[in-house]
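Residue numbers (my numbering), protein chains in the order written: chain A, 226 to 452; chain B, 953 to 1291.
Each hint can be trusted.
Label pairs and their in silico Cβ distance ranges: (1) B:L1170 with A:R235: 47 to 53 Å; (2) A:Q298 with B:H991: 21 to 27 Å; (3) B:M1017 with A:Q298: 40 to 46 Å; (4) A:E251 with B:L1173: 54 to 60 Å; (5) B:L1237 with A:R337: 56 to 62 Å; (6) A:G297 with B:V1002: 25 to 31 Å; (7) B:T1011 with A:Q298: 34 to 40 Å.
Coverage of chain A stretches by chain B, computed from C-beta distances (three or more under 8 Å per stretch; other residues unrestricted): (8) 294-303; (9) 317-328; (10) 334-343.
Simulated from the structure, these hints should not be mistaken for laboratory data. A quick note: this is a predicted structure, and the numbers were derived from the prediction, not measured. For every residue, glycine included, the Cβ atom is placed at its ideal position computed from N, Cα and C.
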Amino acid sequence: MITFDSVNKRYESGQDALVRVSLEIERGDMVFLTGHSGAGKSTLLRLLTAIERPTRGSILVAGQNLNRLRNGQIPYYRRNLGIVFQNHQLLFDRSVFDNVALPLSVAGCSKRELGRRVRAALDKVGLLHKEKQNPIVLSGGEQQRVGIARAVVNKPAILVADEPTGNLDPQLSAEIMQLFADFNAVGVTVMVASHDLELVARMKRRVLTLQAGQLIYDAYLGRRAQP
Amino acid sequence: MKQPTPNVKKNTRRQAPETRPQRSAGAVTARTGVSDRWHSWLGHHREMAVESLRRFFATPLASAMTALVIAIALALPAALQLGLVNFQRAVAGWDGQPQISVFLHKSAREAAVRSYTEGLRADPAIVEVTYISPEGALAEFQEASGLGDALAGLDANPLPAVLLLRPRNTDSGELEALAEKLRDSALTDAVVLDMAWVQRLAQLTELGRRLSAGLALLLALGVLLVVVNTIRLHIENRREEILVVKLVGATDAFVRRPFLYSGLCYGFFGGLLAWLLVAGGVALLSGPVAGLSSSYGSGYVLHGPGFPYLLGLTAGAALLGLVGAWLAVARHIRAIEPR
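Throw the hints in and build the complete structure from the sequences for me.
Below is the structure:
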């Protein structure tokens, strides 16, 4: 589903954010990406979401080579991704419902279909009863769940999360992670960047670890390690 | 996604794969049909049009100030243009034809003058000849100047007889030639070609036209800059929203749309206000102008900015607003990329 082939990313400042990173993630897999801040986690996700382009190497997502993606095609590519941010990036000038509906209205979904799907997504994260509220009144965990509902409302094949539990306490973090596991269970390929090693270890999934831009560890934590 | 999971946190932990085995092969990305997209595209346009109006009136003072700046900038050239049209209309009442005044020698005998006049009347280059006798000239002068009593004290009439000629050909070269021919006659004292004022009028009108065109161009540029700046501020204010919308797959056109409608909105209301300003100005001036023209014995009434002006100003300003918004959006939305 996702293939990185010796990907390099060098910023204009001369800093090498990623150095010859190669990895392969199967369809329906759930992968954690760990490493210290500055190790290249965010850069890897930015390349995956076509926010930035690699300096060298190629990235294939669902058979599509991101290097060949024209700027005009990027929006359509992103519609196949669900992106969850650390700071949830909700818009406080509209209701929870409208926040979650954003990807659908952007993609041109009919009003009826939109309502149905938004409610389904909100139901999935357990916030259906708060659809009319402004996200600003919600707790941090609830806000993050709204962010997740927004990421999955378009039924993306791939769900990408950048430190989704960064600001949450352990209990809430575990709930959020479980939510990702639930989506993975129905076939969504999930990639979560997190520095919370304890939580990651408890999930017993494949873990990729970056250090100084290099992939130094790739194994199934909690199961028998695979080479 | 109709799974009834009010308590996702715990219940679905292990159940999800079993309840939906058919999906486990991989998620199916949501697809949207062409007709859906078309309707949604139209819907988004309508939504954005309404939204831009709502935003315009949500901050009435700020919006009104921007619209007023646009209005003043547009009202100036529009008023000048309207003034020009009125001027031309007022002047059109006069005979724009050049006139040649032939002042005859005071010593010229009446019979000679009469035959000379007949000769001129027969000339195909001359349309009309009006003879004003010295007495007639004096009477007219007494009446017009208000110096009746003073003039009555004169021993002799100081005024000569005058022939007023209306030439057929108004070409300036031909007129000069005709004037030269008239000067050659022994009877004529002086020949005055009343061309200058016609030429001056034409040149003045041309000057006014160019001035208003230049001013219009300059101020249209000003309007453009005002809109660019206003829309730039709008974009800055909604930076976060643009980022998020781009990340969930909005095309540039989608991001652009609300700002283009806002520009259109500013332009339209600016144009409308400009028309109102001009109309108000005309209403203020029409009284004095009517008085002035009646004092000249003319029944001229100032023409206000009619429907064509309303249409031209609103449509033109809306277009300027759209172009300004486009310029701002092209420059600034590209700069807002998710980081």
